[in-house]
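Q: One-letter residues, chain by chain:
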Amino acid sequence: MIRLQNIAKVYRTTNIETLALNNISMDIAKGEFLSVMGPSGCGKSTLLNIMGLLDDPSKGSIQIANQETGSLNDKQLAKFRNQKLGFIFQSYHLINDLQVLDNVELPLLYRDTTARERKKLASEALEKVGLSNRMKHFPTQLSGGQRQRVAIARAIVGRPEIILADEPTGNLDSAMGNEIMDILINLNQKEGTTIVMVTHDENMARKTHRLVRLFDGSQVS
Amino acid sequence: MFKHLFKLIWNKKKQNSLLIAEILLSFMVMFAVFTFGVNSYRNYVTPMGIDYEHVWVINYNNSLKTTSSDSLALFYESLLRNIKSMPKVIDAGYSSNNVPFSSSHSSSGIKYDGEEFDRVNQFTVDDNYTNTLGAKMIEGRWYNKEDKAGKQRLTVINNSLKEKLFGNTTALGKYLTYGDDKAKIKIIGVVNDIKFDGDYQVAGPSMYGRADTSAYHWLSRILVKVSPDADAAFEGRLYKMMANTLKNSNIEIEHLDNKLTAYNKFTLVPLIILSIVAAFLIINVALGIFGVLWYNINKRRGEIGLRRAIGASGSSVSSQLVTEALILTTLSIIAGTFFAVQFPLLNVFDLPAGVYLTAIGLAIGFIYLVVIACSLYPGNQAAAIYPAVALHEE
Numbered sequence: 001m002i003r004l005q006n007i008a009k010v011y012r013t014t015n016i017e018t019l020a021l022n023n024i025s026m027d028i029a030k031g032e033f034l035s036v037m038g039p040s041g042c043g044k045s046t047l048l049n050i051m052g053l054l055d056d057p058s059k060g061s062i063q064i065a066n067q068e069t070g071s072l073n074d075k076q077l078a079k080f081r082n083q084k085l086g087f088i089f090q091s092y093h094l095i096n097d098l099q100v101l102d103n104v105e106l107p108l109l110y111r112d113t114t115a116r117e118r119k120k121l122a123s124e125a126l127e128k129v130g131l132s133n134r135m136k137h138f139p140t141q142l143s144g145g146q147r148q149r150v151a152i153a154r155a156i157v158g159r160p161e162i163i164l165a166d167e168p169t170g171n172l173d174s175a176m177g178n179e180i181m182d183i184l185i186n187l188n189q190k191e192g193t194t195i196v197m198v199t200h201d202e203n204m205a206r207k208t209h210r211l212v213r214l215f216d217g218s219q220v221s
Numbered sequence: 001m002f003k004h005l006f007k008l009i010w011n012k013k014k015q016n017s018l019l020i021a022e023i024l025l026s027f028m029v030m031f032a033v034f035t036f037g038v039n040s041y042r043n044y045v046t047p048m049g050i051d052y053e054h055v056w057v058i059n060y061n062n063s064l065k066t067t068s069s070d071s072l073a074l075f076y077e078s079l080l081r082n083i084k085s086m087p088k089v090i091d092a093g094y095s096s097n098n099v100p101f102s103s104s105h106s107s108s109g110i111k112y113d114g115e116e117f118d119r120v121n122q123f124t125v126d127d128n129y130t131n132t133l134g135a136k137m138i139e140g141r142w143y144n145k146e147d148k149a150g151k152q153r154l155t156v157i158n159n160s161l162k163e164k165l166f167g168n169t170t171a172l173g174k175y176l177t178y179g180d181d182k183a184k185i186k187i188i189g190v191v192n193d194i195k196f197d198g199d200y201q202v203a204g205p206s207m208y209g210r211a212d213t214s215a216y217h218w219l220s221r222i223l224v225k226v227s228p229d230a231d232a233a234f235e236g237r238l239y240k241m242m243a244n245t246l247k248n249s250n251i252e253i254e255h256l257d258n259k260l261t262a263y264n265k266f267t268l269v270p271l272i273i274l275s276i277v278a279a280f281l282i283i284n285v286a287l288g289i290f291g292v293l294w295y296n297i298n299k300r301r302g303e304i305g306l307r308r309a310i311g312a313s314g315s316s317v318s319s320q321l322v323t324e325a326l327i328l329t330t331l332s333i334i335a336g337t338f339f340a341v342q343f344p345l346l347n348v349f350d351l352p353a354g355v356y357l358t359a360i361g362l363a364i365g366f367i368y369l370v371v372i373a374c375s376l377y378p379g380n381q382a383a384a385i386y387p388a389v390a391l392h393e394e
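Residue numbers (full-length UniProt numbering), protein chains in the order written: chain X, 1 to 221; chain L, 1 to 394.
There's no promise every hint is true.
[As the list claims (entries may be wrong)] Taking lysine to aspartate or glutamate and the EDC-like style, the derived pairs with C-alpha atoms no more than 20 angstroms apart in a straight line are:
#	chain 1	residue 1	chain 2	residue 2
1	L	K182	L	E116
2	X	K207	X	E32
3	L	K136	L	E254
4	L	K88	L	D229
5	L	K3	X	E117
6	L	K164	L	E139
7	L	K184	L	E116
8	X	K59	X	E17
9	L	K3	L	D229
10	L	K7	X	E117
11	L	K184	L	D147
12	L	K3	X	D97
13	L	K13	X	D97
14	L	K12	X	D97
15	X	K84	X	E68
16	X	K59	X	D74
17	X	K190	X	E124
18	L	K3	X	D112
19	X	K75	X	E117
20	L	K7	X	D97
21	L	K259	L	E235
22	L	K88	L	E254
23	X	K207	X	E191
24	L	K240	L	E252
25	L	K299	X	E32
26	L	K14	X	D97
27	X	K59	X	D27
[As the list claims (entries may be wrong)] Derived coverage of chain L by chain X (criterion: at least 3 residues anywhere in the stretch with Cβ under 8 angstroms from a Cβ of chain X; other residues may be distant):
#	segment
28	301-310
29	313-319
Keep in mind the hints are simulated off the structure, nothing from the lab.
Don't be surprised by glycine CBs; every beta carbon is placed ideally from N, CA and C.
Turn these sequences into a full structure, and let the hints guide you.
A: Next up, the structure:
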């Protein structure tokens, strides 16, 4: 599903060159739930951003769903992200000025869908995460766990084949973290969604199919 | 997407209210500037109504001691004959002080059919006025010598007054009165409008009364139409003749074209001042809009990063921000137009509705242009934001 070949990422400033990722290669199968672990600054989020086509690698190639992504222009990349990828972030990234339902509808705004269709799909996604009774609330009226569930609903509303989760339980207590993890496992098992999750939490990582460890930008296991 | 943006704007109405107010204020300022400009342009392209080239104005002060109107009339008629007999003089005639471009005005209220009309300009002129100035009759006739013997008070009105009082019907033979005065004044002619306040002011409703013998007691202007070759030497001879005839009188000869130039400068001063003030305001507004949009983008980097992550291309982020600015502008313009249309509806400043409507249209176009210009650059900057960086910052 995802193939990374010899990925390297170098951040350059005037005087300093920082190697964030060093020659990473990996294959992630369709329907796999993979977790990425490592100490802070080891390149986990950079790897996830590159996998999510949010950042360009300095070297190497990425193939997602049999599509070589290096040749795609900005518009094609945007469309690809919209249709194939769903994102979940540690800090939720919800728009506080929009109601829950509108937040979940967001990815569908960049597709040819009618308002009625958007509403239907968003309602279904919210139902899946158990928030159908919070549609008219604003994010600031929700708890952290509820916000993350809204973010999950937003990630799955477009029925992407891949979900990339950057420390989805990082801001939550263990009970809420487990709830979120259950939703992700459910998505993976019932709908066959491929999930790549960056985490610091060994317990959460153990619940996934495979664990990849990074250290100083290199894959160590 | 439009509904989504509208919802986003509505939910942020408190934050957006300042920008809406700023654009509304700019719209009203531009409406005022364009109203003034459109009205001035409209007046400028309206024909002057007279041929003011080679027309001189002789100013004199009436210093004759005689109290007899008849002997005074004889004296001044003889003076006019002498002027007319001079070479290079085409025609000449007496006028009250309010000759064209003189900033001297005389007006009074009149009554027609029981209805009162305020501020009708009053001119007292002689039989040669239209010939000297090249004014044209639209209806009826100008005064002639036969009118001297008649007992009926007569008047010639200009086209503006005719349209105000009678619309498309004829004015000839109709009677007016001055306020509560019972004496009726018969209209015998309609003359074209004369822009006596220069290029940028429209001719108001006007009445031209015939100078009778008693008027020579106070008349102090002679309009003289001269041939194009009338030079300073001729002007000197005319001056000398006047000075010899009117002893102890201050004589001054002015040229109507020079008076027009001076008058136009005087009229343009407020327009120039208003334009400068407006230009500063526009620069301020443009910088304000630019600043607010720039600030918004920096404040919304996380949102922009998110939108890019979930499927927005750089160009769609840019167009979203420009569209948001245009929606805010439209809200301001709707409110501004509501206030602006009150001007033609309530007939404020007595200007034609067309002037206000054109000014509204120009102000709308201008404000949209400024907002587009000011939002394009921040919009493009937003499009260039790297999603990974923006999401990380958040």
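Q: Each hint should be assessed against the structure and marked as holding or not.
A: Verification of the supplied hints:
1. L:K182 x L:E116: Judged against 20 angstroms, a Cα distance of about 14 angstroms means the pair holds.
2. X:K207 x X:E32: 12 angstroms, holds
3. L:K136 x L:E254: 23 angstroms, violated
4. L:K88 x L:D229: 7 angstroms, holds
5. L:K3 x X:E117: Distance ~15 angstroms between K3 (chain L) and E117 (chain X) Cα, so the pair holds.
6. L:K164 x L:E139: Holds - the C-alpha atoms of E139 (chain L) and K164 (chain L) are around 15 angstroms apart, at most 20 angstroms.
7. L:K184 x L:E116: 14 angstroms, holds
8. X:K59 x X:E17: 15 angstroms, holds
9. L:K3 x L:D229: 73 angstroms, violated
10. L:K7 x X:E117: Cα-Cα ~18 angstroms, so holds.
11. L:K184 x L:D147: Measuring from Cα to Cα gives roughly 16 angstroms; hence the hint holds.
12. L:K3 x X:D97: 14 angstroms, holds
13. L:K13 x X:D97: OK: K13 (chain L) and D97 (chain X) at ~10 angstroms, within 20 angstroms.
14. L:K12 x X:D97: 6 angstroms, holds
15. X:K84 x X:E68: Within the cut-off at roughly 13 angstroms; holds.
16. X:K59 x X:D74: Holds, because 18 angstroms separates the two Cα atoms, which is no more than 20 angstroms.
17. X:K190 x X:E124: 15 angstroms, holds
18. L:K3 x X:D112: Satisfied, since the Cα-Cα distance of roughly 15 angstroms is no more than 20 angstroms.
19. X:K75 x X:E117: Violated - the C-alpha atoms of E117 (chain X) and K75 (chain X) are around 24 angstroms apart, more than 20 angstroms.
20. L:K7 x X:D97: The hint holds at about 9 angstroms.
21. L:K259 x L:E235: 16 angstroms, holds
22. L:K88 x L:E254: Holds: K88 (chain L) and E254 (chain L) sit about 16 angstroms apart, inside 20 angstroms.
23. X:K207 x X:E191: 17 angstroms, holds
24. L:K240 x L:E252: Roughly 11 angstroms separates the two Cα atoms, so the pair holds.
25. L:K299 x X:E32: 37 angstroms, violated
26. L:K14 x X:D97: 11 angstroms, holds
27. X:K59 x X:D27: Between K59 (chain X) and D27 (chain X) the Cα gap is close to 17 angstroms, so the pair holds against 20 angstroms.
28. 301-310: With 8 residues in contact (Cβ-Cβ under 8 angstroms with chain X), the coverage given for the segment 301-310 of chain L holds.
29. 313-319: holds (count 4)
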